[in-house]
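Listed below, chain by chain, are the residues.
There are 4 protein chains.
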Amino acid sequence: MQQKTEESRISIAEFNAITASALPLAHALGLRVEKMTAGHVTARLPYDKQHLRPGGTIAGPSMMGLADYAMYAVVLSMVGRARAEAVTVNLNINFLSRPEPRDILAEGRIVKLGKRLAFGEVTLYSEGKPDPVAHVTASYSIPQEK
Amino acid sequence: MQQKTEESRISIAEFNAITASALPLAHALGLRVEKMTAGHVTARLPYDKQHLRPGGTIAGPSMMGLADYAMYAVVLSMVGRARAEAVTVNLNINFLSRPEPRDILAEGRIVKLGKRLAFGEVTLYSEGKPDPVAHVTASYSIPQEK
Amino acid sequence: MQQKTEESRISIAEFNAITASALPLAHALGLRVEKMTAGHVTARLPYDKQHLRPGGTIAGPSMMGLADYAMYAVVLSMVGRARAEAVTVNLNINFLSRPEPRDILAEGRIVKLGKRLAFGEVTLYSEGKPDPVAHVTASYSIPQEK
Amino acid sequence: MQQKTEESRISIAEFNAITASALPLAHALGLRVEKMTAGHVTARLPYDKQHLRPGGTIAGPSMMGLADYAMYAVVLSMVGRARAEAVTVNLNINFLSRPEPRDILAEGRIVKLGKRLAFGEVTLYSEGKPDPVAHVTASYSIPQEK
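Chains as they are written, first to last, in our numbering: chain E, 1 to 146; chain X, 1001 to 1146; chain U, 2001 to 2146; chain W, 3001 to 3146.
The set of hints was computed from the structure by calculation and includes no laboratory data.
Heads up, a few of these hints could be off.
[Said to hold, decoys possible] List time: in silico SDA-like cross-link candidates among lysine to any residue, alpha-carbon distance up to 20 Å:
1. W/K3129 / E/G128
2. U/K2049 / W/K3115
3. X/K1112 / U/V2087
4. X/K1115 / W/G3114
5. E/K115 / U/V2087
6. E/K115 / U/E2085
7. E/K49 / X/K1115
8. W/K3115 / W/P3024
9. E/K129 / W/P3024
10. U/K2129 / X/G1114
11. U/K2049 / W/G3114
12. E/K129 / W/K3129
13. W/K3112 / E/S97
14. U/K2112 / X/K1115
15. X/K1115 / U/P2130
16. W/K3112 / E/G128
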């Protein structure tokens, strides 16, 4: 799997604008993309106490929301904003450790871009910690040009 | 798989109280349990425009949040509130159709309760529609008594 | 999810003939379909010591082979043998207990048949035991008519 | 995720001996490990026409068998042969393209080794081709010392 650093087909500013205008829950959670090349994205879930769950760690759904958001950015980095109606078909998450109350970072990458399906993986980290807290694979269905 | 209607080890009122006090994101989304017997739960995501995504359908993370919440209720219905620190280990979701803007209902059930792991499935429906909009399987890790 | 008992678009004899002629590994493992209506299939893995693994229980790959085979039959029961080039896109299996050395039965059913994707689930049992030994979800890609 | 090249806790010869003596189906398929350091394994499925399926490509169950085998080797490379009763708990596979009739190589690596669960990923390739044909994540349950 080559690490391409080609230019993304959507800019970070454009993607964060989609977040603000068309992804209200992601926007309310403060999700944002911080790095983006074609097929590689870093996204952040800023810590807030609304993400806590019993045990004082970050709740699973907050992490799933971040991972799906990062994968959506990965897909749009490959296919462009005209295909923003791309939707998740399958998402599989393994939770590896209970993240402390701090920001979560998502590192997403494309594994295979087909004509109709895109497949990638996202690894989640607690900021400043080397070991992943969760691992995600996801497939997106890509809308066809009309 | 027998359809038991044994009494849940936690009441709906107790579970919804945990939601209000210890699951702030679920509480903010308006998630609630409506039916609960041992190993069988119905939970609801009330429609709100914050759940929309490009295309005008309900966003994946809102559905994942509902499914994980329903499975958490299924687990506590079996093991009781003293084990509220149970956490998701694996969750796999398949999105089957794009749900219109209306409430989503989750039907969750236990498939296997082991000593350390609980496994179940959750089917999501748009209220009033017969076909499922998503299907989820999830494993929870059960904390051991000290 | 309605339990339809419509007629399968392929007969058990036809499906087992495909097994014999075009699925050599499944054939070598002795896999066969025993019941089949549209969207519902029962398939069997006959016990043989080649399926054992350390600990004296049935190996995971034998169970995965059975589950994928049952799901393939479910798909062909819905779309017919002209679409035998349908292929698995995603398969997720949870192993629930270690099966003793005896036949494994697979109960597969369709959950959603779309135009391009079919999604279903398969539950595996040790023959004569009530509790499932594994649970599988799978998506198949359906070839389009030319 | 650091790329460690520490010594495996089991040698390739020892692992292939377990294959020959205790994994009869893997042995019959000709599966073998070719490279192994702690947490990193390369394994091979030699091409044979028994792996074909309708369409003339390699069957899914042969690839799943290879992936599970590679992950088992990854786990034993970390925990040693005394824990050979480690079993798969969850396996999720995404098929990315239809592999031509040739050997399949599996590149497996550990992502997280916990006390009771090991989690890793396996990428499958057609020999000599750069793009993956399938991607797998798997969790293994590690037997506890008595």
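Quiz item: Which numbered hints are broken by the structure, listed smallest first?
Solution: Hints 1, 2, 3, 7, 8, 9, 11, 12 and 14 not satisfied by this model.
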